[in-house]
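157 is the number that numbering that gives the first Met the number 0 gives to position 158 of the sequence shown; each next residue is one higher, with no gaps.
Check before you lean on any hint, since a few could be wrong.
Claimed, not checked - Quick list of simulated restraints, FRET-style, between CB atoms:
no., residue 1, residue 2, range
1, V215, N49, 39 to 49 Å
2, D47, S209, 14 to 24 Å
3, H45, T132, 29 to 39 Å
4, T87, D217, 41 to 51 Å
5, R210, H130, 13 to 23 Å
6, Q50, E156, 18 to 28 Å
Hints listed in this document are in silico derivations from the structure and should not be mistaken for laboratory results. Idealized CB from N, CA, C, for every residue including glycine.
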Amino acid sequence: MLNKTIFFWCYLSLFFTNSLAWSLGNIFQLFNRNYKLKSVKEVKEHCDENQLLLQLARLYVTSPEGIVLLLSTKSLRSTCKEVSGVLTHINDTLGNSEPPPPDNLYMKLYLALDYFNHFICYYNGKPKTKHITDYHDCFRELREDIVECEGPPDWFEKSNEAVVCQYLNDIINCNYVKSALLCGLKSAIMLRNFSAEIMKRVVPFKCKVSRALPHVDDPMPAKAPLNSYPDKLFYCVFVFNYFY
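Let's have the full structure, built from the sequences with the hints guiding it.
The following block contains the structure:
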């Protein structure tokens, strides 16, 4: 009887030992599987900055002024199509890798270009409301003047806050004066504000933009839409022929 009891307890102990070993084995296996999955998700390759640079270079965007200059291209529709393509490639690159830190220059230029895309390319147009895109024809003529307003190389990467913010204000004020002389004061204000929004997204400091507008001696007066001139010209010729 004693032998049977001992045998029973030995068998029972062996059974529980095997069950415990099987359970622990499954637990460790499940833990390892989850750990591996977690490790794969956590370990992402760092974003190749050269890929961002190459995409931005397609639009000649190496500075905030380069983004402002996109307003003066021959066709905004074509420009917006190119901007959309560049942003799509950058979004794919960032989605498949670890993005650079927010203070990375290429990330800042990317965000500024994204602002251009939403503010210029996605503008739907509101009746009786002027938008900066309404002055595109004049900005095309202003292209060389906008280039002249650009700051020195890498001004937006300098470590002196006062210097960077002074450059920012000088550039947007230059754009304002050039635009006022050729396109009128309304377009000048819009271009100045737009330039400031672009540059504030790139510079490393929170620069204060002066509210005081530069004085312009002889700004271009507001003009009627170009498509109204043929009718007025026809009317003047008709009156002249009728009376003379």
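Tested hints:
no.: 1; hint: V215 - N49: 39 to 49 Å; result: 43 Å, holds
no.: 2; hint: D47 - S209: 14 to 24 Å; result: 39 Å, violated
no.: 3; hint: H45 - T132: 29 to 39 Å; result: 38 Å, holds
no.: 4; hint: T87 - D217: 41 to 51 Å; result: 44 Å, holds
no.: 5; hint: R210 - H130: 13 to 23 Å; result: 22 Å, holds
no.: 6; hint: Q50 - E156: 18 to 28 Å; result: 20 Å, holds
Of the numbered hints given earlier, the model fails hint 2 alone.
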